[in-house]
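There are 2 protein chains.
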Amino acid sequence: MAGLADDALMDDGVVLRALPGIPDIHPGDDLAEVLIESLRRRDMTLHDGDILAVAHKVISKAEGRVVALADITPSAEAHDLAERVNKDPRKVQAILGESTRVVRAMKRPDQDEGTLIAEHRLGFICANAAVDESNVGAADTVILLPVDPDASARRLCERLEAAFGVRLGIVVTDTFGRPWRMGLVNVAIGLARVPARIDMVGERDAFGRVLSVTMPALADELAAASGLVMGKSDKTPVVLFRGIDWQSEESSANELIRPKQEDLFR
Amino acid sequence: MAGLADDALMDDGVVLRALPGIPDIHPGDDLAEVLIESLRRRDMTLHDGDILAVAHKVISKAEGRVVALADITPSAEAHDLAERVNKDPRKVQAILGESTRVVRAMKRPDQDEGTLIAEHRLGFICANAAVDESNVGAADTVILLPVDPDASARRLCERLEAAFGVRLGIVVTDTFGRPWRMGLVNVAIGLARVPARIDMVGERDAFGRVLSVTMPALADELAAASGLVMGKSDKTPVVLFRGIDWQSEESSANELIRPKQEDLFR
Numbered sequence: 001m002a003g004l005a006d007d008a009l010m011d012d013g014v015v016l017r018a019l020p021g022i023p024d025i026h027p028g029d030d031l032a033e034v035l036i037e038s039l040r041r042r043d044m045t046l047h048d049g050d051i052l053a054v055a056h057k058v059i060s061k062a063e064g065r066v067v068a069l070a071d072i073t074p075s076a077e078a079h080d081l082a083e084r085v086n087k088d089p090r091k092v093q094a095i096l097g098e099s100t101r102v103v104r105a106m107k108r109p110d111q112d113e114g115t116l117i118a119e120h121r122l123g124f125i126c127a128n129a130a131v132d133e134s135n136v137g138a139a140d141t142v143i144l145l146p147v148d149p150d151a152s153a154r155r156l157c158e159r160l161e162a163a164f165g166v167r168l169g170i171v172v173t174d175t176f177g178r179p180w181r182m183g184l185v186n187v188a189i190g191l192a193r194v195p196a197r198i199d200m201v202g203e204r205d206a207f208g209r210v211l212s213v214t215m216p217a218l219a220d221e222l223a224a225a226s227g228l229v230m231g232k233s234d235k236t237p238v239v240l241f242r243g244i245d246w247q248s249e250e251s252s253a254n255e256l257i258r259p260k261q262e263d264l265f266r
Numbered sequence: 001m002a003g004l005a006d007d008a009l010m011d012d013g014v015v016l017r018a019l020p021g022i023p024d025i026h027p028g029d030d031l032a033e034v035l036i037e038s039l040r041r042r043d044m045t046l047h048d049g050d051i052l053a054v055a056h057k058v059i060s061k062a063e064g065r066v067v068a069l070a071d072i073t074p075s076a077e078a079h080d081l082a083e084r085v086n087k088d089p090r091k092v093q094a095i096l097g098e099s100t101r102v103v104r105a106m107k108r109p110d111q112d113e114g115t116l117i118a119e120h121r122l123g124f125i126c127a128n129a130a131v132d133e134s135n136v137g138a139a140d141t142v143i144l145l146p147v148d149p150d151a152s153a154r155r156l157c158e159r160l161e162a163a164f165g166v167r168l169g170i171v172v173t174d175t176f177g178r179p180w181r182m183g184l185v186n187v188a189i190g191l192a193r194v195p196a197r198i199d200m201v202g203e204r205d206a207f208g209r210v211l212s213v214t215m216p217a218l219a220d221e222l223a224a225a226s227g228l229v230m231g232k233s234d235k236t237p238v239v240l241f242r243g244i245d246w247q248s249e250e251s252s253a254n255e256l257i258r259p260k261q262e263d264l265f266r
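Protein chains in written order, with full-length UniProt numbering: chain A, 1 to 266; chain B, 1 to 266.
Please keep in mind that the hints were generated in silico from the structure rather than gathered at the bench.
Quick caveat, the model's predicted, so the values are computed rather than measured.
Glycine included, each C-beta is placed from N, C-alpha and C at the ideal position.
There's no promise every hint is true.
To be verified - Simulated DEER-style distance windows between Cβ atoms:
no., chain 1, residue 1, chain 2, residue 2, range
1, B, E255, A, Q247, 33 to 39 Å
2, B, G165, A, R84, 55 to 61 Å
3, B, G21, A, D245, 14 to 20 Å
4, A, G97, B, G64, 54 to 60 Å
5, B, P27, A, Q247, 33 to 39 Å
6, B, G165, A, D12, 24 to 30 Å
7, B, G28, A, R41, 53 to 59 Å
Please model the complete structure; the sequences and the hints are all you need to start from.
In structure tokens, the structure reads:
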């Protein structure tokens, strides 16, 4: 960021940066302590109003949400689905275990392995119920979302707040594909203090017209932005945002899930 | 951004900031000249590798893509759809004029006015074919997407590059709703030089495992991030990103559209 401080243009704004030097996380690790130590080792501090985007994988790993495929016994349904989309039946069983419903099962001819679009028990609709193989650090294991990502976010937030004596926000992220659009973006799957959405209904636009439906998904904006510096192939699972204009509230990533009765694409 | 420069944590990273002092844009305005003057008036410059996210509305307005409802004659189809979703038939006609197909037409009992999910002639699937009323600055008009947002982005990029003697990237944004998730996020609808997606297939994750499907939608990450500082009710339609790690290429927002044959939710 050479040349930033000398430029009047950048006097205010938002800065985001991946926290460096976070070691690989293992089941049972105290993630809050790891982050606090990583920051302190570099004489870094957190400021009031900072928001951290945290890739769920480090939380899931610390919480032991890693399953060895060898320990999974696929059901008949898992075997059936596995055949349809050419997946390991044990992976399909892990997906079914995390899902309330399979929304679509698909394998295109050009694909080696297909996809199950599933409704996760937490309500998110996403590929393979967010069950993931990459970055697990061990062969033949899968990693699941935290049991309660909001609760994980709150615990982490409170520990970091106590350590640095400031008020913070946490967004737990995962990387989702999207209908209609190519490429992956990070979305929010767990929140502490950070509003899911900003309700601008009733406010006025730049021309005095009352806004009726403008509700930016702040938590998803933060999650997507974190992808700009959260390299998948780097060990940078935590991104710090400084300078965001936000107000703390009791929030939940559940507020980002479109209710079934409003959803035209389930 | 007080307190940033004195903190070792922020020595590198990404900075984003809304460009201040951009006046209201009118049909026929030279947007590039307006931006150049706005920057120069504040002794600001652009740096090599800077990316600008530009809300399409200022481009659409400069290009005269504003239509008075009084000038629109609704077709029979528009009248029919308008009745189903309780919309002004002239607005529906404007939507149909921008669309190749209506994907869903819906009005919930709790809504005053419903929504047409449409496939825009540019390929994007979005509410009301991106035809918008807010921030137009005049009553009873609608604003349409630019005719060719990639071309608009390229023209603007070249003008700014020539003025400041640097290489830049442009992401033209609009604000879209999403299936499954609540709240709005900005997405990329036009690109100059900025890759739509980063192809990480074949790269290795932090544990040496070869990544098979990881393709971050860089342009959409930038668009979504721009929403963090692009207030809908403020006149801040242009957001500067500095510090992004990217490589210039010939790109198009069309690369962000999921091909019909891969799309399970049309």
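Consistency of the hints with the structure:
no. : hint                        : verdict
1   : B:E255 x A:Q247: 33 to 39 Å : holds (37 Å)
2   : B:G165 x A:R84: 55 to 61 Å  : holds (57 Å)
3   : B:G21 x A:D245: 14 to 20 Å  : holds (18 Å)
4   : A:G97 x B:G64: 54 to 60 Å   : holds (56 Å)
5   : B:P27 x A:Q247: 33 to 39 Å  : holds (38 Å)
6   : B:G165 x A:D12: 24 to 30 Å  : holds (26 Å)
7   : B:G28 x A:R41: 53 to 59 Å   : holds (57 Å)
In this structure, every one of the numbered hints holds.
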